[in-house]
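Protein sequences, first through last, are from chains S and W. Using my numbering, the letters of the first sequence map in sequence onto residues 4 to 645. Using my numbering, the letters of the second sequence map in sequence onto residues 91 to 303.
It is possible that part of the hints are untrue.
Below 20 Å or equal to it, Euclidean Cα-Cα: the simulated SDA-like pairs (lysine to any residue) are [unchecked claim]:
(1) S:K585 with S:I643
(2) W:K231 with W:L284
(3) S:K343 with S:Y302
(4) S:K264 with S:E234
(5) W:K223 with S:M219
(6) W:K231 with S:G573
(7) S:K220 with W:V204
(8) S:K54 with S:A242
(9) W:K110 with W:T152
(10) S:K530 with W:I232
(11) W:K223 with S:K54
(12) S:K220 with W:S200
(13) W:K187 with W:K223
(14) W:K212 with W:L162
(15) W:K110 with W:K223
(16) W:K231 with S:E539
(17) W:K187 with S:Y518
(18) W:K156 with W:L186
(19) S:K530 with W:L225
(20) W:K223 with S:N535
(21) S:K630 with S:E604
(22) W:K231 with S:L534
(23) W:K223 with S:Q261
(24) W:K251 with W:E274
(25) W:K187 with S:E526
(26) S:K630 with W:K251
Pair by pair, the computed Cβ-Cβ distance ranges are [unchecked claim]:
(27) S:H546 with W:I282: 10 to 20 Å
(28) S:L414 with W:E248: 39 to 49 Å
(29) W:E248 with S:E234: 50 to 60 Å
(30) W:I297 with S:M627: 21 to 31 Å
(31) W:I297 with S:V419: 54 to 64 Å
(32) S:S307 with W:M115: 44 to 54 Å
(33) W:A241 with S:R303: 36 to 46 Å
(34) W:A241 with S:G600: 24 to 34 Å
(35) W:N197 with S:E529: 14 to 24 Å
Okay, the calculated bits of chain W under chain S, using three or more residues with CB under 8 Å as the criterion [to be verified]:
(36) 118-127
(37) 145-159
(38) 261-272
Rather than coming from a laboratory, the hints here were simulated on the basis of the structure. Note that the structure is predicted; figures quoted are calculated from it, not measured. Yeah, the Cβ is synthetic: ideal placement off N, Cα and C, and Gly gets one too.
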Amino acid sequence: MSCFSRYILYSLFYALFPFVAVAQEQREHYQVTWTGKDTVEIRELIGQGHKLMHSSPDSALYLFRRALYNSLHTGFEDGAGYALSYIGFVQAGQGNIESAFASYSEALGYCQNARYFKFALPGLYINMAATYKSIGRYEQAAQYYNDALSYLQQNLPQDMNILIVYSNLASLHVDLNQLSRAMMYAQQAESLSVARNNLNTLVSSKANIGAIYTLMKMPDSAYHYLEDALELSVKLGHADKQQFILMSIGDLYRETGQMKKAIVFYEKAVRLNRYTNLVYSSILPSYALGDALMRTGRYRKAESVLLEALQLSNRTGITSSRTEAFKSLSAVYEATGRFKDALAYYKKYERLNDSLSGIAKASAISDAEIRYQVGQKDKLIVENNLKLVKREKELERNRLYTLVALTAGALIAAIVGILFYYRNKMDKRNRHMTYMKAVMEGEERERDRVARELHDGIGGMLTAMQLNIGALMEHKSIRPTELTGLSFLATHIGEEVHKAARNLTPQILQDHNLYQAVLHYCEQFEKSSTLNIQLEFMGEVSHLGHSLQLIIFRIIQELIQNIYKHANAGMAVIQFRTDGGKMYLSAEDNGCGFDPGTVKEGLGLQHIRNRIAALNGFCSIESMPGKGTAIYIEIDQKDIPN
Amino acid sequence: MDIIKIAIADDHPMITDGLKLILSMHRHVALEHTYSSGAELMKNIESGQPDVLLLDIQLSDTTGDKLLPVLLKKYPDMRILVLTGIDSALYIHNMLKDGAHGYVLKNSASAVIVKAIETVYKGEIYLDDELRKKLDVFKDKIKYKESLKPALTPREMEILKLTLKGYTLQQMSEIMFLGRRTVEYYRSNLFIKLDVKNMAELIRKAIESGIVD
Chain S
4 MSCFSRYILY
14 SLFYALFPFV
24 AVAQEQREHY
34 QVTWTGKDTV
44 EIRELIGQGH
54 KLMHSSPDSA
64 LYLFRRALYN
74 SLHTGFEDGA
84 GYALSYIGFV
94 QAGQGNIESA
104 FASYSEALGY
114 CQNARYFKFA
124 LPGLYINMAA
134 TYKSIGRYEQ
144 AAQYYNDALS
154 YLQQNLPQDM
164 NILIVYSNLA
174 SLHVDLNQLS
184 RAMMYAQQAE
194 SLSVARNNLN
204 TLVSSKANIG
214 AIYTLMKMPD
224 SAYHYLEDAL
234 ELSVKLGHAD
244 KQQFILMSIG
254 DLYRETGQMK
264 KAIVFYEKAV
274 RLNRYTNLVY
284 SSILPSYALG
294 DALMRTGRYR
304 KAESVLLEAL
314 QLSNRTGITS
324 SRTEAFKSLS
334 AVYEATGRFK
344 DALAYYKKYE
354 RLNDSLSGIA
364 KASAISDAEI
374 RYQVGQKDKL
384 IVENNLKLVK
394 REKELERNRL
404 YTLVALTAGA
414 LIAAIVGILF
424 YYRNKMDKRN
434 RHMTYMKAVM
444 EGEERERDRV
454 ARELHDGIGG
464 MLTAMQLNIG
474 ALMEHKSIRP
484 TELTGLSFLA
494 THIGEEVHKA
504 ARNLTPQILQ
514 DHNLYQAVLH
524 YCEQFEKSST
534 LNIQLEFMGE
544 VSHLGHSLQL
554 IIFRIIQELI
564 QNIYKHANAG
574 MAVIQFRTDG
584 GKMYLSAEDN
594 GCGFDPGTVK
604 EGLGLQHIRN
614 RIAALNGFCS
624 IESMPGKGTA
634 IYIEIDQKDI
644 PN
Chain W
91 MDIIKIAIAD
101 DHPMITDGLK
111 LILSMHRHVA
121 LEHTYSSGAE
131 LMKNIESGQP
141 DVLLLDIQLS
151 DTTGDKLLPV
161 LLKKYPDMRI
171 LVLTGIDSAL
181 YIHNMLKDGA
191 HGYVLKNSAS
201 AVIVKAIETV
211 YKGEIYLDDE
221 LRKKLDVFKD
231 KIKYKESLKP
241 ALTPREMEIL
251 KLTLKGYTLQ
261 QMSEIMFLGR
271 RTVEYYRSNL
281 FIKLDVKNMA
291 ELIRKAIESG
301 IVD
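If we strip away everything but chain S, and leave its shape as in the complex, we get (with noise of 0.2 Å):
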């Protein structure tokens, strides 16, 4: 299945800020002329503007310019920041970045100081955090929301713009790939947005809903929350939203590989309106369409698409999602035989991704958060703090360090104690082998053993506390209400131990057989990585014998570690046959390999060679550089030794 890397999320740019009752006595301020009515006046101009923001910039830009002038003219400085950062907002819309930014910053001095408009600066801050990140400038733009949101917690824990700041921090994760941490985002707009009536994020947050489960994989759950969102955007009237929504559902579509479908939706998106915001209503659907076009072979069609929208793009100076367009159009000037032109824009698109990737995001993200959740005051303070944990975490280490080595020197002290006492009764040979297999099931046994002393002792125990605590609570001179704690704990602690039971032993193994456990296995190991295995099973497996089995899982499992940390293979193929009490196991991959002469094997290796000696089997690893591993290794039952 296809990956596609554009992650976009509706954000709501819009914040109206409630207008708090200013008061109407009239300040003595040397400059200040203002009444209450011109505060009206300028909380009349730019609510217009607000309004006319969606289909009209240019007539909301001239009544947010007004109500600028007639606050400057008063000296009603708190309008004056209030009117500037719609005005940034408007003109960044336009894709005229700097003009923005140049409002933003004129308007910051002025919301600073504001004292009736309260909203006027976590509103600020919501512009700039969406200005910013619609120019993929994502640590820039989490500082900004996460300032919004302290200070709405702080000082307006009604308002509803902390509902448009979860929305947008959704969206953050989602360009950031942290889909659990975006999806809690989403949920909690939504559920605010239902408990506090309001429609408007309500479409938001569900199509943002709709969006992660997208992303999730999970088609169903997506559609539906599309499906509602879209009823619920054309019965507001909301070209934007709908739009976006639109190209969700052509997202959903092109993931699950339905091009055809996705073409429909996306030209639905462009065909909508011309004139609202750019990034919705050209942009980003023009990319998705021109990606499906050139998967259904449109090569000519996707190009002129592709082509149009970057232009637009270099124009207004909206850069996100750029990535994609750039790898779709190098993909149809590969498939069009132009190559030259295919490395020109896949280079385009590889320099971009690097600088842009998940990691280099998340971390920026991460930091920005430390910083700006506590707040810009105590940031001497946070520093300090983060130097204490890591001044803590390297006692930690060292503390760690010297518990490996005595750890180890203990080890070592008894694996030589063991072996002096065997010494003198076998060769050496046999010694190691004996004592490989012994420490092979030693370690089974404890691992067996240890799972169900977790699960029958100290599990059998915590139930009985539970009975104990369920018996006291029918005691008169007890406060029932102090137990129930108790008990949900204990509950809980037991929970936690039959999970860690669970893990420590392979329970699909227990119940079905080897095939079924290094299936799930590999099956699990994929997913959380770029390794494909193949899986090859020859022969029966049922009358290994249980423990057998165990060995054979745990050798499979070092096996495929092995190749996903050192070999550096896009594919490894595992196989195992049997034949009677004879197995053949081999592995073999695409990686870098190495070469046996001057490289010195690596303790899983070496690892792997103990198992296979301690079962009195043989074992080969070839490899040379550029070439692959192979490993090969057979076991006969019989010579297994007792």
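Since the structure of chain S is provided, determine the placement of chain W on it from the hints.
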């Protein structure tokens, strides 16, 4: 519409409580019993047999895949919908093969869970598109035995080609930097995978089946 009687077997009270809440909003389903362990389920289901049983895989005392065949044999009319956190094609494959009527993940939207219940109640199999696709990929992966072209590993393929060119085991071992025994093993795999008894047959089959060009 009939009221669909539901029971759930899951050892997490948070899951059962959450489900109670979700299902209480739908008039046509009624959650009648919750069982927190396999033992509790087997002991009590007789007296309150549901139309649809929501069965978790990881229970505190046993596993859902063990219980499934037993339940189906005893209560053939009951529909079983696996409701689990295990997102694994292997489990989907096994559970459906053993007769489960549907498989749905715990983190699905509530509407999906309700839809799954309705679908299995009607007697159809429920699996959402993405899981179905995963299952198809998985089936292809384990079907190699029946396929006409046996899946040869890259090294097996190379050994087959060299064999056709008349190389000896020793020569192949030197060219491929593989141990003699490893080469022998790979070639014995070829005999098994192409289902032939001797070298002549191996060569004939390799050419006829178009494995090597």
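Q) What hint numbers does the structure not satisfy? A) 9, 11, 15 and 36
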